[in-house]
Every structure is written in structure tokens, then in C-alpha cells.
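J.: Residue numbers (this note's numbering), protein chains in the order written: chain A, 1 to 293; chain B, 1 to 276.
Worth flagging that the hints you see were computed from the coordinates, not collected in a lab.
Do not take every clue at face value.
Stated by the list, open to error - Which bits of chain B does chain A cover? Going by a derived footprint, with three or more residues having C-beta under 8 Å, they are:
(1) 36 to 49
(2) 64 to 76
(3) 97 to 106
(4) 166 to 172
(5) 228 to 240
Unchecked claim - One-sided and incomplete, this derived list gives chain B residues near chain A with beta-carbon spacing under 10 Å:
(6) Y5
(7) I33
(8) I79
(9) E83
(10) D86
(11) F110
(12) V114
(13) I116
(14) I180
(15) I224
Where is the CB? At the ideal position from N, CA and C, for every residue including glycine.
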Amino acid sequence: MSGPVTRRDFMKGTIGVAIAGGTAFGGLQAPSGKTTRVVLVRNDRVWLAGGALDPAVVQGMLDEAVMKLTGEGDVRAAFRHFVKSDDVVGVKSNVWRMLPTPRELENAILARVRQAGVPAERIGVDDRGVLGNPLFRNATAIINVRPMRTHYWSGVGGCLKNMITFTPRPSDYHGDSCADMASFWKLPLVAGKVKLNILSMLNPLFHGRGPHHFDQRYVWRYNGLLVGTDPVAVDAVGLAIIQAKRRSFFGDERALQTPPKHIELADRRHGLGIADLRRIELIRLGSSTDILI
Amino acid sequence: MSGFYRSLPEQVQGWRKAGPDETYDRRTLFDYIDGGAELYLTYDFRNVFVRRYQREGSTEPEIVLDVYDMGTADEAFGIFSAECEDEPVGIGRDSEYGGGLLRFWKSRYFVSLVVIGDAREAEAAMLELARSVAAELPDEGDGPRLAARLPRAGLNAREIRYFHSPNVLNNHYFLSDDNILGIGRDTSAILAKYDRDGARPVLLMVQYPSPARAETALAGFLKIYMPEAGAAGLAKLENGRWTMARVRGDLVTIVFEASSAEQAGKLLSEIAPAGR
Numbered sequence: 001m002s003g004p005v006t007r008r009d010f011m012k013g014t015i016g017v018a019i020a021g022g023t024a025f026g027g028l029q030a031p032s033g034k035t036t037r038v039v040l041v042r043n044d045r046v047w048l049a050g051g052a053l054d055p056a057v058v059q060g061m062l063d064e065a066v067m068k069l070t071g072e073g074d075v076r077a078a079f080r081h082f083v084k085s086d087d088v089v090g091v092k093s094n095v096w097r098m099l100p101t102p103r104e105l106e107n108a109i110l111a112r113v114r115q116a117g118v119p120a121e122r123i124g125v126d127d128r129g130v131l132g133n134p135l136f137r138n139a140t141a142i143i144n145v146r147p148m149r150t151h152y153w154s155g156v157g158g159c160l161k162n163m164i165t166f167t168p169r170p171s172d173y174h175g176d177s178c179a180d181m182a183s184f185w186k187l188p189l190v191a192g193k194v195k196l197n198i199l200s201m202l203n204p205l206f207h208g209r210g211p212h213h214f215d216q217r218y219v220w221r222y223n224g225l226l227v228g229t230d231p232v233a234v235d236a237v238g239l240a241i242i243q244a245k246r247r248s249f250f251g252d253e254r255a256l257q258t259p260p261k262h263i264e265l266a267d268r269r270h271g272l273g274i275a276d277l278r279r280i281e282l283i284r285l286g287s288s289t290d291i292l293i
Numbered sequence: 001m002s003g004f005y006r007s008l009p010e011q012v013q014g015w016r017k018a019g020p021d022e023t024y025d026r027r028t029l030f031d032y033i034d035g036g037a038e039l040y041l042t043y044d045f046r047n048v049f050v051r052r053y054q055r056e057g058s059t060e061p062e063i064v065l066d067v068y069d070m071g072t073a074d075e076a077f078g079i080f081s082a083e084c085e086d087e088p089v090g091i092g093r094d095s096e097y098g099g100g101l102l103r104f105w106k107s108r109y110f111v112s113l114v115v116i117g118d119a120r121e122a123e124a125a126m127l128e129l130a131r132s133v134a135a136e137l138p139d140e141g142d143g144p145r146l147a148a149r150l151p152r153a154g155l156n157a158r159e160i161r162y163f164h165s166p167n168v169l170n171n172h173y174f175l176s177d178d179n180i181l182g183i184g185r186d187t188s189a190i191l192a193k194y195d196r197d198g199a200r201p202v203l204l205m206v207q208y209p210s211p212a213r214a215e216t217a218l219a220g221f222l223k224i225y226m227p228e229a230g231a232a233g234l235a236k237l238e239n240g241r242w243t244m245a246r247v248r249g250d251l252v253t254i255v256f257e258a259s260s261a262e263q264a265g266k267l268l269s270e271i272a273p274a275g276r
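Okay, chain A solo, but in the shape it has when bound (with noise of 0.2 Å):
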């Protein structure tokens, strides 16, 4: 297509999902070339009564999840396919106070950091701090981890957008609502160092309003957690539960505040990743009520 997207396009139906987040899993065919795999984890059991989580149903998710996406029958080789015990393993997590990557995530992945042999002097966690930090100047891998959620300027915040502490200015890259921000995944402190990315849809935003693009109303619990080592993929397979859940929701085809091209841009523009669903071998574990993809 040629020209600028309209309302018009969707009127005739020649657009379809695709300007939403991509084209929908099976159906057509696939488009020949690389292909990825991304594994969706869930269990409804994952948080308790008082409203914390289960810090045993999440490590029990996110050993299911790893391995399956490595193949291992066992939690320990599976994440040695992503740490080495020499390596030096910055955990990049999310401290946005609204809804932050839940301690116990964390704690989940530092427990089989170690167990892989890791030292724990040689494991950091940090966000914000990650440029002034020594032990993210020198890790040799990173494991990213964070929530999903919508976002006004980039339209999601997913595993792509994580690594935006990595950049001294992060407003530099807010131009064209965050176009290429699969470029700061070029920085010498990034490059190939990511190992492993991880998407909390444990309770995800899917709308936001107001300062803080923050209203309790619109975060679900959907009790998963996507796993894989493309982020770009991650973030496709995130942002497509996140538009069936708004039309879900809202009853119609409510565009994001700002569509979420740099998904799309990260595999087309940049060859980061790929963002074609039918490039994505989806694997789903766990329960399938209002699993939505």
C-alpha cells in the first residue's frame, strides 16, 4: 500500500488487523524465512488472596516457559543456554512506580541466574541507574524483564522500550512517537548482550489516562508471563493480546493513543527481530480462559 493510512481503508476492509499489531496467527500463509518462537505461560492460581503474588507459581512459571523455549527437560540447562557461570548478568527490570516488574519475577530469575552458576557479585538488578551502574558497563548478559502496558507516546511499553535507560537522553528518541527505538538496542552496552526477554502480562494496562497515563480500572489480570529471546517478537505476541483485550473491553476498534509502529519498524526498518505473527511459533502453556490469542 502505498500513501498514508485513512479511515477509509479500514471502511473498505483492506486494512484488517494488520495496522492494529500485525496479522493474525495461522490462516494465511506464512511468509517464508526466519522464524521465532515465543512461549506464553499462564496460570490463574498465580496470585494469592491478599492480592501478592505466588512467588512459587511464578518461578514455576517461568521454569515451564524457559523450558519450553530452549527444549531442556531441565530448568538449570535451560537457562545456561542463556548464562554462562563466567558471565556477568544484568537483570534490566521496570521500576515505574504504577505498575513496576514485580519483586518476585525478579527474585524468580536471579534464584536460576545463580543456579546456573553465576555468582551472585557478578548479578545486578537495576533500571534507571543502569548507565552509572559498573556491573551493567560490564555485563557480558542481560536478562530483560518488565510489564506490559500501553504507552501515550510509544503507544506500548514492552521488552523493546525497556532498554531506553541505556541512552543518556531518553527523549532523544521520542521523535515520530518513538519510531526507532530498536536503534538504543544498538548501543555498545546492548548490542547482543540480551539474552533472554521477558513480558510480565501478570496484570497488564491496556488503556491509560491522565499525567501518569495510569487508571486502575484498565489493568486485568491476565496472569501470564511471554517469554523468548526476540524482543521484537515478545512485543508483537504482548501488543496483539493488548488489542483483543481493548476490543474486548470497549466493544469496538479503539486505536491506541499513538499506534505502536516502532514493533513493526524494529523487524522492517531495523532487522532487530520479527514482528510478523506468522513468523512467530507461538507455544502456549498453561490456561486458555480468555487467553484472547
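With chain A's structure known, arrange chain B on it following the hints.
T.: Leaving out everything else, chain B in the frame of chain A:
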């Protein structure tokens, strides 16, 4: 910091000011907001005053009070209107509360209160705090003149948006992934939704810096969006609804989703002239 900020309450219903107050301006807003700063920068945002409230001995829940100086009442109305979706709670010129978020505007100020943690525990305190803040604000300015020109019959008052960014337009009425009307900081736009004769027509008015800019914008819009419209600027689209576009001086007006050509033309004809 002005005297106005010093007069804001330090405690309300057992919630006390926690930590130092903060202020941010256009240059530093990104240091404070992760998610929505860009929207504020599309308006004439000047600075924001931030104060947090917690209950004694507890760090959560926390109420975060933001008072945004938007420069003019037009701009304060604009940022309020851009995301308005809840029922009013009678604070300031207009307000809303829902989902742990309370928003209102008055004079050149836009005020947001958000709770981190259980919203139910904070609701009463948030409402009282908001009323206290509103009482300290001057009461000047009625909002944009462009809004006063909107036809009143069938107008949904909660769905009037005033903005300078195509993103706000697309959020409420997706038009194009490109900025085909050339909306920007030097233009002012109003989007309004109507209930008329069983239809839900949508009216968009965009004011440009000059008649020449308006002419160019309309021509570009017609070329991309409805090339079949011809000189009348009128077309029946694939969904069976009518769209009509006109330019008068520096103002481009477009009706979408009209049930008939007559309905579209009538809505455009009811736009009040400038300066009324």
C-alpha cells in the same frame, strides 16, 4: 514558587504531605512523567507543581497531586478535554473522577490527583483535597473561543476535544496514520460528537495561522481522503455515511458520519461566526 502553591493544604483527612514538593518545566517534564509528557508539550504547558500525600506510618497508598500551569484557560481546558471520559464531580470549571484518577481544570490550571495503591482508601481524601486546591485557584477564562462556535443542538458536552496534535484527533476519531490536515502547535482544533436524528455525526474544526494555510490543508485532505468529493467537498463513503468539508477564512470545517448530505450541510451551517 508562588504564594498560591504555599497555600495548598499540607494535610487532609489524615493524609499528610510526604517528601519535598517538586516542580518541573517544559525542559524537565520528561524527568517526571514517563508516559504522557509529550501530550502536555503539544499544549502551552509552562510548569507543574507536585506534592505527595501519605498516611502516617504508611508509604502506600499515596496520593500524587499535580498542578499544571498551562498558560491560558484555553490550554487548561484542552488538556482536560483530551482525555475526559468520566462523570463530573463538580470541582473547578469541569472535572471527572474514576479509576483512582481525579482531573479538573480552572483558570489556566489543570489539576490531576492520582492514587498509587488502593483507590477506595483514598477517594474521600482526594475529593476533599481537590476541592481545597480549586478554592485557591483564580477563576478566569472560559476556555477556547472555538468551542463557543460549536452548534449546540445534539452536542455531547463530554465529547468536546481541543488540541494541537493529530494524535489527540486519532485517539477520539481515527482519521489517518499521517497528519493529513497539518495539525500542529500553530493550529487549534476542536472535535465534537453529536447525537442527531438517530445518527452520530462528528464535527472537526481546525483553525490555521492564515487563510492560505487553511486552503492548502483542505486541498490536501480532499486529495487524500475523498478525491471524489469535487468542488462541493461532499462524498458518501463506504459505510453509507456522508462527509462534507469546507474552508472559510482560516477555518477548515469537516463533518464526518452524517446520515445524509443535508445533515452534514446543516451542521456546518450552524457553526457560529467568529467573534460572536
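J.: Against this structure, judge whether each hint is valid.
T.: Comparing the hints with the structure gives:
no.	hint	in the structure
1	36 to 49	holds (count 6)
2	64 to 76	holds (count 3)
3	97 to 106	holds (count 5)
4	166 to 172	holds (count 3)
5	228 to 240	holds (count 3)
6	Y5	violated, 17 Å
7	I33	holds, 6 Å
8	I79	holds, 9 Å
9	E83	holds, 5 Å
10	D86	holds, 9 Å
11	F110	holds, 9 Å
12	V114	holds, 6 Å
13	I116	holds, 6 Å
14	I180	holds, 6 Å
15	I224	holds, 6 Å
Checked against the numbered hints above, the structure breaks only hint 6 and satisfies the rest.
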